[in-house]
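Residue-level listing of the chains:
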Amino acid sequence: MCGIVGLFCKNPELELSLGPYLSAMLVQMDDRGPDSAGVALYRNPAPDGWSKLTLYSADPAEDWGALGLEVVETRARHAVLLAPGDADEAESRIRAERPDLRVMSAGRVIEIYKEVGRPAEFARAFRLADFEGTHGLGHTRMATESRVTTEGSHPFSTGHDLCLVHNGSLSNHNRLREKLCREGIVFQTENDTEVAAGYLTWRLREGATLEEALEGCLDDLDGFYTFLVGTADGFAVLRDPIACKPAVLGETDDWVAMASEYRAIAVLPGAAEATMWEPEPSVVYAWEKAVAA
Amino acid sequence: MGAGAVGRVRVGEGSGRLSVETEVELETVDLAATPLRELNQRLHDAESGRFRIVNPNGAHAVACGLRAPLDVEILGHVGYYCAGMNQHAHVRVRGNAGTGLAENLMSGSVVVEGNASQSAGATGRGGLLVIHGNAAARCGISMKGIDIVVRGSIGHMSAFMAQRGCLVVCGDTGDALGDSLYEAHLYVRGAVAGLGADCVEKPMRDHHAAELQSLLARAGFDDLDPSDFRRYGSARRLYNFAVDNAGSY
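Those protein sequence lines, which keep their order, are chains F and E.
First residue of the first sequence: 1, per my numbering; consecutive thereafter.
First residue of the second sequence: 1001, per my numbering; consecutive thereafter.
There may be inaccurate statements among the hints.
[Unchecked claim] Computed from the model, here is a short list of chain F residues facing chain E with C-beta under 7 angstroms:
| # | residue |
| --- | --- |
| 1 | Phe187 |
| 2 | Lys245 |
| 3 | Ala266 |
| 4 | Pro269 |
| 5 | Glu273 |
| 6 | Met276 |
| 7 | Glu278 |
Rather than coming from a laboratory, the hints here were simulated on the basis of the structure.
Just so we're clear, the structure is a prediction, and the values are computed from it rather than from any experiment.
The beta-carbon is built from N, C-alpha and C at its ideal position, and this holds for glycine as well.
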C-alpha cells in the first residue's frame, strides 16, 4: 500500500494555505499507510550564502542551539537550521561531529519532517497547518521491506533540495545498495526506497538530468513503484512499466496535485472541476515553477 | 437516512393501452453527511427505486453488491470497486471511477461518463459496462461474460485471460492486448500497441458485425460504424500443454 500526495501551487495565494491543504490530503491517505507519515515542504529560501538543514534527534530534549548553527524553528524532534556556506559542508560537519543526529534534508528551500504514527497525529505534532510554501509532498507508509522507524519513513532526501516518496517495493535493492556503496553513497537504513533515493543521488551527481535519472530507474530498478520526486522548483512523477501502484493527477488554474487516490485530491478547492488523469506507465511527468527571466 | 432531499419524478412506462404511469421516488443521499455503509445497506434493502448519490469525493465501494433493479446515479468521482458484484441494478457515474470499477459485475449495467482506472470490469460474469472516457491498464482482466464498451482508449494488459463476453474499444489499446485469451471477443477501432501471447486478429464475420452493432447501440454509441473495427480473439494454442512450449514456462 502506502499513500502519496503532492501539491504544487500555481496561484501564489494558495501558497499561504499549502500546509492545511497538504495536511488534509495526507490524512485522506491514512488507511493506505498507518505506520508512519512524512512531508517535504519547499519554503522560506535560505539567504544568499547560507544553506538550510532539517535535522532529527532521537532525544526530545536535544539542545539545538548548542550546534553553533542558527536555529530557525523546531517541530517535534526535528529542527530547521541555517548554516553559513554550502549545504554539503554543513552536512559533513554534522555527520562528523554528531553521528547520532540524522540529516533529514539539506539544500536552500527544502524541509523534511517524518515520524512513525498515523498522519492525523503527525499533522498535529508537526503543526502542518501552519506551513506556507510553494509546493509540498507527503507520504503515509505501510511498511513492507524494512522496520517502522523515523529513518525508514518517507520522504527520503536525494540531494540538495531533492526528495523521493515511493509507493511499491523494490526487489533488487540489496544488490543495488552494494553497488551504490562502492560509489560512495551513504545509507542510514535497510529500506528499499532509500536505495532508490541513493540511486537518483548518484545519477544526478554523475551529471544526469532529473529526467534522465528517473528514466534510468526503468532499467536499473526491479520492482513496483510509483515515485513522486520533489525538486526546488516543482515535482516529477514516474510509474514503473507494469503500473500496478496507483496514481492520479489533477490540475486547475490554481494548482497541480498528485495522489495515490482521488479522495486525497477531493479536499482541494475546485477539485470537482479539475482536469484529472492517470499517469501512463514509464513516462516522466514534471512540473516546474515558471522562473521569470 | 442522511440529510438527502427526496424528490418525486414521474416516469412514463410503455405506450399502449395497458400503459401505466408510475411514480418513482428519487431519493438523494449525500455521502458528505451519510456513512458509506448506511448508503450501501439502504441500497441492499431496497427492492426497487431511484437513488441519486452526491459528494462521493472518491469514496471506495459505492453502490456495491446490489441485487435489485435499482437506478443509481452518482454525481462526482468515485474511488475503488464502485458497483462491484452488482445484479440487476443500473448505475451511472457522472464522473471518473477508480480501480476495480464494476468488478465481478453479474448483470444490470454500469455507465461511467468520465475515465476509469485500472481493472475495470475485472472478472465480470454478465451485464454491460460502458465507459465514455478512457480505461487504464488491465481493463476486462479475466472477464467471464460481461460486455464492456469503452468510447476512448484502454491501457496495457487488457483482457488478460479473458474467458467470455465482449470488449469493445472505440479508441486505441495499450500493449499486450488479450494475453492468454480464452473465448472473449475483442473489437478495436483504433491502433493496437501490441497483442499478448496467443491473441490474434480474426476475420469479422457477419454475426460478429451484428454483435458489435448491437453492443454499440446498447452503449449509445450508434454513431460508430462496425466496419471500422477489427476483431481479435484467441489462437487457442495455449489451451493444451504442448511440449514445444516448455521453454516458455
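- Query: Given Lys245 of chain F as an interface hint, is the shortest Cβ-Cβ distance to chain E below 7 angstroms?
  - Reply: violated, 10 angstroms
- Close enough to count: is the Cβ of Ala266 of chain F nearer than 7 angstroms to one in chain E? holds, 4 angstroms
- Message: Does Phe187 of chain F hold up as a contact with chain E if the rule is Cβ-Cβ below 7 angstroms?
- Response: violated, 33 angstroms
- Item | Glu273 of chain F as chain E interface residue, shortest Cβ-Cβ below 7 angstroms | Violated, because the Cβ-Cβ distance from Glu273 of chain F to chain E comes to roughly 11 angstroms (cut-off 7 angstroms).
- Task: Using 7 angstroms as the Cβ threshold, decide whether Glu278 of chain F counts as touching chain E.
- Result: holds, 5 angstroms
- Supplied contact hint for Pro269 of chain F, tested at 7 angstroms Cβ to chain E: violated, 13 angstroms
- Task: So, Met276 of chain F near chain E? Judge it on the closest CB pair being under 7 angstroms.
- Result: For Met276 of chain F, the interface hint holds, since the closest Cβ of chain E sits about 6 angstroms away, which is under 7 angstroms.
Of the hints listed earlier, those the structure fails to meet are numbers 1, 2, 4, 5, in rising order.
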